[in-house]
Amino acid sequence: MKAAVVVFPGSNCDRDVRVALEASMGRPPAMVWHAESTLPESDLIVLPGGFSYGDYLRSGAMAAHAPAMREVVARAKAGVPVLAICNGFQIATEAGLLPGLLMSNASLRFVCKDVHLRVEHSQSLFTDCFRAGQVVRMPVAHRDGNYFAEAEVLDALEDEDRIAFRYCTPAGELADGANPNGSIRSIAGIFNETRTVLGMMPHPERLADAELGGEDGKTMLDRIVAALG
Amino acid sequence: MKAKVHITLKPGVLDPQGKAIGRALASLGFSGVGEVRQGKLIELDLQADDAESARVEVRAMCDKLLANTVIETYTIDLEP
Amino acid sequence: MKAKVHITLKPGVLDPQGKAIGRALASLGFSGVGEVRQGKLIELDLQADDAESARVEVRAMCDKLLANTVIETYTIDLEP
Amino acid sequence: MSAPAAPAAPAQAEPAITAELVASHGLSDEEYARIEALLGRAPNFTELGIFSVMWSEHCSYKSSRIWLKTLPTEAPWVICGPGENAGIIDIGDGQAAVFKMESHNHPSYIEPYQGAATGVGGILRDIFTMGARPIANMNALRFGSPDEAKTRHLIAGVVAGIGGYGNCIGVPTVGGACEFHAAYDGNNLVNAMTVGVADAGRIFYSAAAGVGHSVVYAGSGTGRDGIHGATMASAEFASDSEAKRPTVQVGDPFTEKLVLEACLELMATDAIEAIQDMGAAGLTCSSVEMADKGGTGIELDLDRVPVRETDMTPYEIMLSESQERMLMVLKPGREEVAQRIFDKWQVDSAIIGRVTDSGRLVLKAGNAVVGDLPIRPLVDEAPVYERPYLEPAPRAPLAPADLPADPPPMQALARLVGSPDLCSKRWIWEQYDHMVMTDTVQRPGGDAAVVRVHGTDKRLAITTDCTPRYCVADPKLGGAQAVAEAWRNLSAVGAKPLAITDCLNFGSPEHPEVMGQFVGCVLGMGEACRALDFPVISGNVSFYNETNGHPILPTPTIGGVGLIAGSGRMATLAFKAADETVLLIGATEGHLGASLYLRDILGSEAGVPPPLDLAAERRNGDFVRGLIERGLVSACHDVADGGLLVALAEMALATCPAGEPIGVRIAPPAPADDAAPLAAWLFGEDQARYVVSAPAADVPTIMAAARAADVPAQAIGHTGGDALTLDGRGAISITELHRAHEGWLPDYMAAPI
Ligand SMILES: Nc1ncnc2c1ncn2[C@@H]1O[C@H](COP(=O)(O)OP(=O)(O)O)[C@@H](O)[C@H]1O
Ligand SMILES: [Mg+2]
Chain X
-8 MKAAVVVFPG SNCDRDVRVA LEASMGRPPA MVWHAESTLP ESDLIVLPGG FSYGDYLRSG
52 AMAAHAPAMR EVVARAKAGV PVLAICNGFQ IATEAGLLPG LLMSNASLRF VCKDVHLRVE
112 HSQSLFTDCF RAGQVVRMPV AHRDGNYFAE AEVLDALEDE DRIAFRYCTP AGELADGANP
172 NGSIRSIAGI FNETRTVLGM MPHPERLADA ELGGEDGKTM LDRIVAALG
Chain S
13 MKAKVHITLK PGVLDPQGKA IGRALASLGF SGVGEVRQGK LIELDLQADD AESARVEVRA
73 MCDKLLANTV IETYTIDLEP
Chain H
13 MKAKVHITLK PGVLDPQGKA IGRALASLGF SGVGEVRQGK LIELDLQADD AESARVEVRA
73 MCDKLLANTV IETYTIDLEP
Chain Z
213 MSAPAAPAAP AQAEPAITAE LVASHGLSDE EYARIEALLG RAPNFTELGI FSVMWSEHCS
273 YKSSRIWLKT LPTEAPWVIC GPGENAGIID IGDGQAAVFK MESHNHPSYI EPYQGAATGV
333 GGILRDIFTM GARPIANMNA LRFGSPDEAK TRHLIAGVVA GIGGYGNCIG VPTVGGACEF
393 HAAYDGNNLV NAMTVGVADA GRIFYSAAAG VGHSVVYAGS GTGRDGIHGA TMASAEFASD
453 SEAKRPTVQV GDPFTEKLVL EACLELMATD AIEAIQDMGA AGLTCSSVEM ADKGGTGIEL
513 DLDRVPVRET DMTPYEIMLS ESQERMLMVL KPGREEVAQR IFDKWQVDSA IIGRVTDSGR
573 LVLKAGNAVV GDLPIRPLVD EAPVYERPYL EPAPRAPLAP ADLPADPPPM QALARLVGSP
633 DLCSKRWIWE QYDHMVMTDT VQRPGGDAAV VRVHGTDKRL AITTDCTPRY CVADPKLGGA
693 QAVAEAWRNL SAVGAKPLAI TDCLNFGSPE HPEVMGQFVG CVLGMGEACR ALDFPVISGN
753 VSFYNETNGH PILPTPTIGG VGLIAGSGRM ATLAFKAADE TVLLIGATEG HLGASLYLRD
813 ILGSEAGVPP PLDLAAERRN GDFVRGLIER GLVSACHDVA DGGLLVALAE MALATCPAGE
873 PIGVRIAPPA PADDAAPLAA WLFGEDQARY VVSAPAADVP TIMAAARAAD VPAQAIGHTG
933 GDALTLDGRG AISITELHRA HEGWLPDYMA API
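Chains as they are written, first to last, in the working numbering: chain X, -8 to 220; chain S, 13 to 92; chain H, 13 to 92; chain Z, 213 to 965.
Treat the hints with caution; some may be incorrect.
Unchecked claim - Covered by chain Z, per the in silico footprint, the following chain H stretches (three or more residues, Cβ under 8 Å):
1. 22 to 28
2. 31 to 39
3. 78 to 85
To be verified - Computed Cβ-Cβ distance ranges for the label pairs, DEER-style:
4. X:Thr160 with Z:Gln623: 28 to 38 Å
5. S:Arg71 with X:Thr29: 28 to 38 Å
6. S:Gly44 with X:Thr29: 56 to 66 Å
7. H:Gln59 with Z:His365: 24 to 34 Å
8. X:Thr29 with S:Ser43: 57 to 67 Å
9. Z:His365 with S:Thr85: 30 to 40 Å
10. Z:Pro619 with X:Thr160: 28 to 38 Å
11. S:Arg71 with Z:Asp523: 30 to 40 Å
12. S:Thr85 with Z:Asn579: 49 to 59 Å
13. Z:Pro907 with X:Asp167: 35 to 45 Å
14. S:Thr85 with Z:Arg638: 34 to 44 Å
15. H:Leu40 with S:Ser43: 44 to 54 Å
Claimed, not checked - Below, a list of computed lysine-lysine pairs in the DSSO-like style, where the Cα atoms sit at most 30 Å apart:
16. S:Lys52 with H:Lys52
17. H:Lys14 with S:Lys16
18. S:Lys31 with H:Lys76
Just so you know, these hints were derived from the structure itself, not from any lab.
We treat Cβ as the ideally placed atom computed from N, Cα and C, and that holds for glycine.
Whole structure, please, built from the sequences with the hints as guidance.
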């Protein structure tokens, strides 16, 4: 299996995701600089977290126009799986890979902490390591993670089983206090129509190592890697 | 030539910053403030010398980068 | 009554956002763009009915909360 | 030798040098006379500006230098002590830890967000300038009284600014401190520390060598911001300080991230001869220091300096404190490699001069020489003051009769853990990305943060500490205690303490009382550093933290770094299981003088701080570290502010996030005639103490080891239950304590700013 991580000016979780993927894959993914207009052959493309272009103007807006993104969009359309984490999720929405967008947290403050997520749909490359309804723990770290889309879009996401994760209490209930950023309908991650693109605000790569306090992220990455051979 | 681009959220789109500002104003004792919305103001120095072509150019900038037309609208003011 | 507050950085204050936007526009092929500055636009619905008192009120809001007068200046537009 | 001809007058008209102009540059008459004597002529405007910043307190350490020299700076593991951008220690396997702490107090009061943000940006540059990748940030904050109108605004801005910068650049902020006292009204403190890791064989220094080599500028364009930041940090605030506002700088963490990556990439190519960031006093300080260290000269063509504003004068270019800028000397022929790397990272760069052998700083603009100064005098002949100082009169020890009646201990405990100083600072650290780089193995909330050295099984422990109420009561003891507490916090997680950086925050050195505090604290620090083998490898002095004659409490913040290697075992403070034995290590006499209990519960700031026995400190700490290394303890916490009962509560509180809390039950000592009152045993702040928990089966081994090491140890109770219980004196539920502990700061910050 081959993976590629796209690095933008201001990405800062590129190394973290590389380390976690390498642990799962047994060899490192290709690191692709945003200015490249071709991507290496890959079975998985990762858009990592960070602050591409400082999150200036709108988070993800400038990175969405990077030459490498044209290629990412084309590959995604052709069915190559794309995992877009945090700033990667923001970039994916700005690039039109996923609907809606990530606005400022309702608190207007950056938030970094472990949150609980309810797995909403487990029939996808990214989530079939979990059961639907299972509660997992992963960290968030963002200032613009407040998912927003118009009602029709949200209804369609729900009807088509395209909501991957929702923020929840440790017991799996949806509650305002369990939603770290004010996301509409507690959405933490969504799929594209074919469930081959996953955008999520939480960072699986940050709990992919027991010493860091948890391994739910590792479970996820290991399974993706295994499924892609 | 100078262009001023005003970017505002479409009506109906939730505006966390505007809401937070509204709450803060109320708690500071400013009463009678209704809805508050926060937008962006982008000022550009342009080399174009005719307004029409400048407007076309700035519109293209907005559609491509400056505004996210899914949730935002914009207006352009040109000043010579 | 509606108030529009335009908040811009004082001249000379570094504007990292404007700088990054300028570069991004250039790399998207928009040539001839000089300096770019990003500011804020805040729109308020007010209950006041006379413009003079509204202006005084909004100015107070700016000084107290909306603008960071250490590095920003503001202008107020009122619309009935 | 005759003085060289005076430089030409620059194109723009410049102010004439008058007595008022000299005074407005913060130079005294004697200092100005010295400048004229050194030059053999009057300086021009640009040169006056250069002297004023180089000779400012901030850059020249003129009031502190003679005292700083008394601090121990050496140990076998020290690679580089004070004097460079940051200090360096050997952490084995050819790796080095590079660290330093800096203050950004004055800017953070004027514009909290940007002041704090640029403080973080500045300290990060000090670290990567040396070839180290920054791996952790810390922040030590002090604010005025929570009742003061401005405090909330300052906290909100400072915390957002620290997060805004560190989060964006992707370096985790893993810990810090945040306390309150009315003495900081109008003079809050923002001390930022960065730790980096470098290859011990690939460290970069600032000495400019190689006559003829190119001097390269890289980073943001120079603007008019921050001109005279260094002199601002060298003058006390008057109430009209708001007028100084335009000197605020805005941080651009995105650009700094690019500069960081570009510099590290360039450093890997072996193109750099010397490098220095542009911090306080900008291009002036960086070029002068580089030339001074290298014993060379530098010639700069100011027309080639990247600027972001029009019509900048030489004076402005030389004194600007625009952020995110670096200055370097390249090895010959490496200009193109450098250009390619800077272009890749979209970092502006330019060759702006060359190294000379003249020993002079020569500035050219518009084909004319606009400044020409000898380098050595700018640095070495900077004034050094032996300021008069007054040692504070010793305080009277607290007489038990002076104490008001104690409230019930559980009530006092609930108030303490929910007080501004002792409450959870979660509201702060959740705004900091403390996990990026995925090596944070002890997140904020413990005695020290612990981060892995990437790709190895070594870990670095990091802490910041200071107890200003001790420093004001007894400066020498307070200075020593700050060092001892840092050492203790590192030991409490199982790390071997290696070295410290410091940030010495005081009022005006021109006031003998303040100078006396400074001298006392430095002498105390030195004593503790020597006794604990804990040298000072970098640091910073921030004077003039006073407004209208009211100085802050003396606050010598200590940043300590330790190493966990070998067994790799570390300890955390949360109890791990019920029915374990809880032991108190160290001797307890019950010292309530200058304690938090006395201040926050009994309403008095009187008394003398607890005595410090540095030999016992070392013995007890080495012992506890040994227990951790042998895997004998399941939890460990040092006893500090609030004493024993607070330490026990903190260990129980730390179990809350994981689910069902684990409580603790202890038996107070049987009252004897001469025993200290119960409150003194529970809340006294006797030093060199730790609480550990261990499975009952291991207790005999621990007790035997304690006897052998001559370390006092006693079993005081057991873990379990859902309350903190004091036999015969009541109990309080951990959930209730948790609510008080977690509640104060968010509730306080929820009110309108
Ligand atoms: N400003 C801050 N930023 C990050 N963490 C903080 C801050 N203030 C306090 N903390 C964390 O809260 C915990 C308690 O702080 P403190 O009481 O100063 O610890 P100690 O007494 O062990 O030195 C520590 O883990 C510290 O890192
Ligand atoms: Mg401690």
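Verification of the hints:
For a cut-off of 8 Å, the count of residues in the stretch 22 to 28 of chain H with a CB near a CB of chain Z stands at 6, and the three-residue condition holds. For the stretch 31 to 39 of chain H, the proposed coverage by chain Z is satisfied: 3 residues have a C-beta within less than 8 Å of a C-beta in that chain, meeting the threshold of three. Given a C-beta distance limit of less than 8 Å, the hint that chain Z covers the stretch 78 to 85 of chain H holds, as 3 residues qualify and 3 suffice. Checked against the given bound of 28 to 38 Å, the beta carbons of Thr160 of chain X and Gln623 of chain Z, roughly 32 Å apart, stay inside it.
A C-beta distance of roughly 32 Å is found between Arg71 of chain S and Thr29 of chain X, which places it inside the suggested range of 28 to 38 Å. With their beta carbons about 59 Å apart, Gly44 of chain S and Thr29 of chain X fall inside the hinted range of 56 to 66 Å. Checking the proposed 24 to 34 Å range against Gln59 of chain H and His365 of chain Z shows it holds: the Cβ atoms sit about 27 Å from each other. Between Thr29 of chain X and Ser43 of chain S the CB atoms are about 60 Å apart, so this pair conforms to the stated range of 57 to 67 Å.
In this structure, His365 of chain Z and Thr85 of chain S meet the distance hint of 30 to 40 Å, their C-beta atoms being roughly 34 Å apart. Evaluation of the 28 to 38 Å hint for Pro619 of chain Z and Thr160 of chain X yields a pass: the beta carbon distance comes to about 37 Å. For the pair Arg71 of chain S and Asp523 of chain Z, the supplied restraint of 30 to 40 Å holds, since their beta-carbon distance comes to about 34 Å. Between Thr85 of chain S and Asn579 of chain Z the CB atoms are about 53 Å apart, so this pair conforms to the stated range of 49 to 59 Å.
Between Pro907 of chain Z and Asp167 of chain X the C-beta distance comes to about 41 Å, which sits within the given range of 35 to 45 Å. At about 39 Å, the beta-carbon gap between Thr85 of chain S and Arg638 of chain Z stays in the expected band of 34 to 44 Å. Evaluation of the 44 to 54 Å hint for Leu40 of chain H and Ser43 of chain S yields a pass: the beta carbon distance comes to about 45 Å. A C-alpha spacing of about 5 Å is found between Lys52 of chain S and Lys52 of chain H, which places the hinted pair at or below 30 Å, so the restraint holds.
Taking the CA atoms of Lys14 of chain H and Lys16 of chain S, the gap is about 20 Å. The hint holds against a cut of 30 Å. With a CA separation close to 17 Å, the supplied pair Lys31 of chain S and Lys76 of chain H stays within the 30 Å bound.
Checked against the numbered hints given earlier, the structure satisfies every one of them.
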